[in-house]
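Chemist: Construct the complete structure from the given sequences, taking the supplied hints into account.
Under full-length UniProt numbering, the very last position in the sequence shown is 109; numbers go up by exactly one each time.
Rather than coming from a laboratory, the hints here were simulated on the basis of the structure.
What you were told as hints is all true, and nothing was included just to trick you.
The calculated lysine-lysine pairs, modelled on PhoX-like cross-linking and capped at a C-alpha distance of 25 Å, are: (1) Lys64 / Lys81; (2) Lys81 / Lys37; (3) Lys64 / Lys79; (4) Lys50 / Lys37; (5) Lys37 / Lys51; (6) Lys79 / Lys37; (7) Lys82 / Lys37; (8) Lys37 / Lys64; (9) Lys64 / Lys82.
Model, not experiment: these values are computed from the prediction.
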Amino acid sequence: MTRSCSAVGCSTRDTVLSRERGLSFHQFPTDTIQRSKWIRAVNRVDPRSKKIWIPGPGAILCSKHFQESDFESYGIRRKLKKGTVPSVSLYKVLKYEDTRDCRAYVTAN
Numbered sequence: 001m002t003r004s005c006s007a008v009g010c011s012t013r014d015t016v017l018s019r020e021r022g023l024s025f026h027q028f029p030t031d032t033i034q035r036s037k038w039i040r041a042v043n044r045v046d047p048r049s050k051k052i053w054i055p056g057p058g059a060i061l062c063s064k065h066f067q068e069s070d071f072e073s074y075g076i077r078r079k080l081k082k083g084t085v086p087s088v089s090l091y092k093v094l095k096y097e098d099t100r101d102c103r104a105y106v107t108a109n
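Modeler: Here it is, written out as structure tokens:
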């Protein structure tokens, strides 16, 4: 079964073609503290419980969600540096702001 990136809005799948294009795929860390940082960074909500999403054992993120400086190269393989947290193109919660003169959507940080 093909796995997909767990980041909201990312449609990248772990396929031979994706890997040939230079993408890599990374499982959520097993270290509790590091795993919590990744979960917070992904900022995903479980649609059923409306609580923070908890990744299953096969959950992955693609390399699009990491800085190039987050990687170490080992020949043709890439590995994330210890302590790396995903930070690129992650879902931002939108909130609606109504002002007197106009209405605008702003991105929450």
